[in-house]
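**Q** Each chain, letter by letter, is given below.
2 protein chains.
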Amino acid sequence: MRTGIATVCLSGTLKEKMQACAIAGFDGIEIFEQDLVTTSLSPEHVRSMAADLGLTLDLYQPFRDFDSVPEELLAANLRRAEAKFRLMSRLGMDTILVCSNVATASIDDDELRAAQLSRLAELAGGHGVKVAYEALAWGKYVNDYEHAHRLVELVDHPNLGTCLDSFHILSRDWDTAPIEGFNPEKVFFVQVADAPKLSMDVLSWSRHYRVFPGEGQFQLAKFMGHVVRAGYTGPVSLEVFNDVFRQSDVERTAVDAMRSLIWLEEQSARWLEANPTPAEAAAGPGRRRHPMELATLPRVAEPAGFNFAEVRAADTGALETLLGQLGFGFNGRHRTKNVQLWTMGHARVIINEEAPAAAETAIAAVGFDVDSPVIAAARAQQLKAPAVPRKSQADEEVFQGFAAPDSTEIFLCQGSPDGTAAWVKEFGTAAGTAGTGAAGPQAVIDHVNLAQPWQHFDEAVLFYTSALALEPQPYAEVASPTGLVRSQVMTTRDRGVRLVLNLAPLLQQEGGPESAGTGSSGDAFAGTQRRTYQEHIAFAVDDLVATARAARGRGLEFLRIPANYYEDLDARFDLDPAFLATLSELNLLYDRDADGEFLHFYTATVGSVFFEMVERRGSYDGYGAPNAPVRHAVQYDHLHQLKLTA
Amino acid sequence: MRTGIATVCLSGTLKEKMQACAIAGFDGIEIFEQDLVTTSLSPEHVRSMAADLGLTLDLYQPFRDFDSVPEELLAANLRRAEAKFRLMSRLGMDTILVCSNVATASIDDDELRAAQLSRLAELAGGHGVKVAYEALAWGKYVNDYEHAHRLVELVDHPNLGTCLDSFHILSRDWDTAPIEGFNPEKVFFVQVADAPKLSMDVLSWSRHYRVFPGEGQFQLAKFMGHVVRAGYTGPVSLEVFNDVFRQSDVERTAVDAMRSLIWLEEQSARWLEANPTPAEAAAGPGRRRHPMELATLPRVAEPAGFNFAEVRAADTGALETLLGQLGFGFNGRHRTKNVQLWTMGHARVIINEEAPAAAETAIAAVGFDVDSPVIAAARAQQLKAPAVPRKSQADEEVFQGFAAPDSTEIFLCQGSPDGTAAWVKEFGTAAGTAGTGAAGPQAVIDHVNLAQPWQHFDEAVLFYTSALALEPQPYAEVASPTGLVRSQVMTTRDRGVRLVLNLAPLLQQEGGPESAGTGSSGDAFAGTQRRTYQEHIAFAVDDLVATARAARGRGLEFLRIPANYYEDLDARFDLDPAFLATLSELNLLYDRDADGEFLHFYTATVGSVFFEMVERRGSYDGYGAPNAPVRHAVQYDHLHQLKLTA
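These protein sequence lines map, in sequence, to chains A and B. The numbering of the first sequence is the working numbering, which starts it at 1 and goes up by one. The numbering of the second sequence is the working numbering, which starts it at 1 and goes up by one.
So that you can see chain A by itself, here it is in the shape it has in the complex (with noise of 0.2 Å):
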């Protein structure tokens, strides 16, 4: 698949672009007309420049407003078309886009229309200029892929074609199938965007919320399969208007882009192979095969569960205290790095006491059961995830690990049918170890909570489905004293793995009054302040109730509920006195839906992090959203009395 990305979808000058579109392996580039007016840099040199960073220049765009208006403004929009085809060849470039009329538009008649596009087709055969037509969603008279082809067919010049926008067709819910009986011969250029499904009018949705392929809610693998079936061999081009990508770095956002194209081409050869034609289908398994299918990224499976979760602290005091209160047993010191392992059952919790000076304690790392990490990791490196080596000696377990966009470390680790863990021997053992093995009480990790910087959301939610095979949820919101805090849940299909995406309110993360602290000021994530009370790390437990008054015994701190909570909780559910007054001695939340009831409690803050104990009942699926505001205003209010008396 010849991949390309359209220059408004970064940042930065049109040279900074190029070359960061270059460094991300696009083969080539559309120029969004923009980008060329403001820039200082000759038509000649931005050509040459192309050719230096192995860059296509694929098309022009956008020539707006062109068709179905009155003849002496057809004439200046001729006059204005020639004078773009004569700079085209100065860029060397031979295709541009001309998009259906929204403006200038006044004349309904088709037969007009093709026309116009005709004496457009010539003028630009004149040029060497092929010029692909593409409807608008809000074109005035033509908004429907269909009709533009239509017209292309209607005047049948070998210098008009189709241009075919996937915002512009799944927007408007268009049926893709259709695209298939095109002569590919006819479509002159394939843009791909993804955008979440919003109820708004479609230009600001188009302007401001396009995302990169698999961040959103449209289904591009069928559409790229239809066009695929279609015969369409050309580039398949990012169009991405987007607020966030447009201010974020430059060279960040172009690998974004390219994994997004990447994991598409996987996505439309799976849909192909899913859903044969019924010649296809005839044929068999020996069927000739489109060229997409030949894609071969590494196929895995999806997590089996979280294989260990890794904690950095500076002072480790705190912590260790925090789980063995919790039922945690020490389970030893590496033999040759400085971290200590705990657990409870199959919940394995790694204390890594080599920290950054200034760092506050905070998750560093999330390890993943798979199949095979070999395999796994290839797949992660040819998504352009960034490698995390870890010094390994020999006979102890190499990890393969990655970057995660919020610069979390994710690991995949061997994945066992009994949820053991090999690299365990590494582990001297030690004395108290009373809470691990089959004897101890039981424990998994339910899920990890991770805080997101804000410029970096959607490209989170496109790396840990690609990457990793989890499946992002809908997302929901949740009120706190300092705004709403937006959580994503990103799952594989048996919930074995269930990681929650946290985006902290934009002031918090910026580290305005309303927060401890201050923020880091930069791309780098590396601050914990837009971290606080946003990750944390739940293990799930068969019998909460019994596990809240063993830690009481041990001397936990609970995160105290208000009672003001529990009367509501009455209000709202009935509950038996008892069962209410056991959740009320013990700080214990509650919810219940109509798959189940949950119970969890939290456990006070270390640094940045801090621990929450679940109890699943029924198939309850959810993580206590209702509660979730509770906590955060119980939080606020532990903040702000350490500040004061700071």
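In case anyone wonders, no lab produced these hints; they're calculated from the structure. Mixed in with the good hints, there may be bad ones.
No copy is singled out in the list; a pair is fine if it fits within one copy or between any two copies.
Derived DMTMM-like pairs (lysine to aspartate or glutamate); straight-line CA-CA distance at most 25 Å [what the hints assert, rightly or not]: (1) Lys222 - Glu396; (2) Lys337 - Asp243; (3) Lys140 - Asp201; (4) Lys140 - Glu477; (5) Lys15 - Asp637; (6) Lys197 - Glu477; (7) Lys384 - Asp542; (8) Lys130 - Glu567; (9) Lys140 - Glu72; (10) Lys15 - Asp27; (11) Lys384 - Glu557; (12) Lys15 - Glu477; (13) Lys197 - Asp243; (14) Lys186 - Asp110; (15) Lys384 - Glu280; (16) Lys140 - Asp593; (17) Lys15 - Asp593; (18) Lys222 - Asp173; (19) Lys15 - Glu567; (20) Lys197 - Glu585; (21) Lys337 - Glu360; (22) Lys140 - Asp108.
Values in this document were obtained by computation on a predicted structure and should not be read as measured data.
Dock chain B against the given chain A, drawing on the hints supplied.
**A** For chain B alone, kept in the frame of chain A given last:
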């Protein structure tokens, strides 16, 4: 007018919210249920704290999904309601908001609904509680306020009345005139919220984008006029769900909120005056006034023009050079202050040398010509604008000033019909006055662009609307290499004053990798980072080409416009080649629309300030918006070169 606000409008804990409301001067508050559930304060404590703060507790809200349900669910809902009634008794509250059912409603039958609301009212009566029933805009069966009110009349119970919420009414474009016919005894509560006109699903619109009155586009004065005519005299309370307010400084947001109600009261009184009923019109000027019409904010006319602009400069040399090159003349130093006066015709620029040590050169103040500075200042003060006193000595003009939300100082000056300013005589004559007086080149301040911090943008719109009688125009978005810049023009009707509020991309405000230096990451907007390239002063002249030639003769460094821009200009406008050559030679930008033409150029930047010279031909009313991306790109390039050589 009794003023109120729902606690959900504000950030922080319940206690912080209540204190901020008291400080801002509200009469009462609505308690949002979640704020009570999440607080550790007992209901009795909340009650006594409100009494100490002088706040009435006007409304407990919301009670959801009560009506239109089967009998067994109704029983549970009545049980839940009774728990809340008991809680309200402990709080000393007598009114609860019940919203029309959106989730569990399954029966569409007005008689059944009336019967169910009747049982609720009867139960409430036993606890001394009044139920205010509100039609949510997205209620399943009841989503029209007249429908809700018909149900209230059908039940006809002293403990059941209507709650009117302007958002739910105006978002659906319901006619508000029928409110006048409502029995005021049956209107238990009135909530007001404004909103920008957005084309999106009404639930998301309501939950995220409400703003305070005067910050959106709803016809709230008309709504309130009808409410007043109905005879309603209860609280007028803000219920504004807004993602930004929820994370902003609580005390500041409370003041912004209070300002919006003071302004709404005045606007409602004006609407009543301008739209008399036939009976009122017949009674003539001596008619009996509604209580709201007696509210007396000092009335002011819109300002006639700019009196001066003031630039704060640590090192004044570069500024002096720049102004001199533009054609400004030095008019001497102030006799008691460390400021210089520079003039070009009636355009006056003050250079303030008393800048804080670390401050960069930036726009510090803007003076406006008003009829009566004292009356205008009194109005601003009643609108809770923070006053800025200026030291002055005997014989010197006393400027009435206050601080705008972005911390720019706004001064109210005595305007004069001939455009002169009396205070100029306080500046000693000096050498180099070549540019002054009738003999030199003429200019006026055309517009001033001020950068706004993102969390105070709506506040700024209301501030200039209410305190300075400017009118917001439709806003524009401009592409820059670091993201989209939102631009809100505020003008007087005759365009004597044009103020442009610019909202820089977030990452630039934070001081991300794409911007120079480090941003201030607080609420004070003290840093200059987010102001860079978003603030400037534009002067209008009669002959821009001559002005530019003269400036070039004096060595002015123009912002250099790329050649590609002029090629595109020619393609778009088919300009006379000689004129195009002149534009290109002098680095002039050009725009044309149906009203006229616009020529302009920009200077290089000093600190965070630059200047623009414009010429308006015909009735051109814009700001050369199509050229803004060129300016941004060139300034970005320039900044990058500075960084590379630094």
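**Q** Each hint should be assessed against the structure and marked as holding or not.
**A** Do the hints match the structure? See the list:
1. For the homomeric pair Lys222 and Glu396, neither the shortest alpha-carbon distance inside one copy (44 Å) nor that between copies (76 Å) is at most 25 Å.
2. In the homo-oligomer, the alpha carbons of Lys337 and Asp243 never lie at most 25 Å apart, since the shortest distance is 43 Å inside one protomer and 45 Å across protomers.
3. Taking identical chains as interchangeable, the C-alpha atoms of Lys140 and Asp201 lie at most 25 Å apart whether they share a chain (14 Å) or sit on different chains (23 Å).
4. Only between protomers do Lys140 and Glu477 lie at most 25 Å apart by alpha-carbon distance; the minimum there is 22 Å, versus 37 Å within a single protomer.
5. When the C-alpha separation of Lys15 and Asp637 is checked against a cutoff of 25 Å, the pair qualifies only between copies, where the shortest distance is 10 Å, while the shortest distance within a copy is 49 Å.
6. Proximity of Lys197 and Glu477 under a CA criterion of 25 Å is satisfied in both settings, with 16 Å inside one chain copy and 23 Å between copies.
7. Proximity of Lys384 and Asp542 under a CA criterion of 25 Å is satisfied in neither setting, with 40 Å inside one chain copy and 57 Å between copies.
8. With identical chains, the CA atoms of Lys130 and Glu567 are at most 25 Å apart between copies only, with a shortest distance of 21 Å across copies and 71 Å within one.
9. In this assembly of identical chains, Lys140 and Glu72 lie within 25 Å of each other by CA distance solely inside one copy; the values are 19 Å within and 53 Å between copies.
10. For the identical chains of this complex, Lys15 and Asp27 are intra-copy neighbours only, at 16 Å inside a copy versus 58 Å across copies, given an alpha-carbon limit of 25 Å.
11. Taking CA atoms no more than 25 Å apart as the test, Lys384 paired with Glu557 passes in neither setting, with 43 Å inside one copy and 45 Å between copies.
12. In this assembly of identical chains, the alpha carbons of Lys15 and Glu477 lie at most 25 Å apart only when taken from different copies (23 Å versus 39 Å within one copy).
13. For the homomeric pair Lys197 and Asp243, the shortest alpha-carbon distances inside one copy (17 Å) and between copies (20 Å) are both at most 25 Å.
14. Taking the closest pair of Cα atoms, Lys186 and Asp110 come within 25 Å of each other only inside a single copy of the chain (18 Å); across copies the shortest separation is 59 Å, beyond that limit.
15. Proximity of Lys384 to Glu280 under the C-alpha cut-off of 25 Å is found in neither arrangement, the shortest distances being 33 Å within a copy and 74 Å between copies.
16. For a Cα distance limit of 25 Å, the shortest separation of Lys140 from Asp593 across copies, 21 Å, qualifies, whereas the shortest one inside one copy, 47 Å, does not.
17. In this assembly of identical chains, Lys15 and Asp593 lie within 25 Å of each other by CA distance neither inside one copy nor across copies; the values are 55 Å within and 32 Å between.
18. Taking the shortest Cα distances, Lys222 and Asp173 sit within 25 Å of each other inside one copy (13 Å), while across copies they are farther apart (39 Å).
19. When the C-alpha separation of Lys15 and Glu567 is checked against a cutoff of 25 Å, the pair qualifies only between copies, where the shortest distance is 20 Å, while the shortest distance within a copy is 62 Å.
20. Neither within a single protomer nor between protomers do Lys197 and Glu585 lie at most 25 Å apart by alpha-carbon distance, with minima of 44 Å and 49 Å respectively.
21. In this assembly of identical chains, Lys337 and Glu360 lie within 25 Å of each other by CA distance solely inside one copy; the values are 20 Å within and 49 Å between copies.
22. For the homomeric pair Lys140 and Asp108, the shortest alpha-carbon distance inside one copy (9 Å) is at most 25 Å, but the shortest distance between copies (40 Å) is not.
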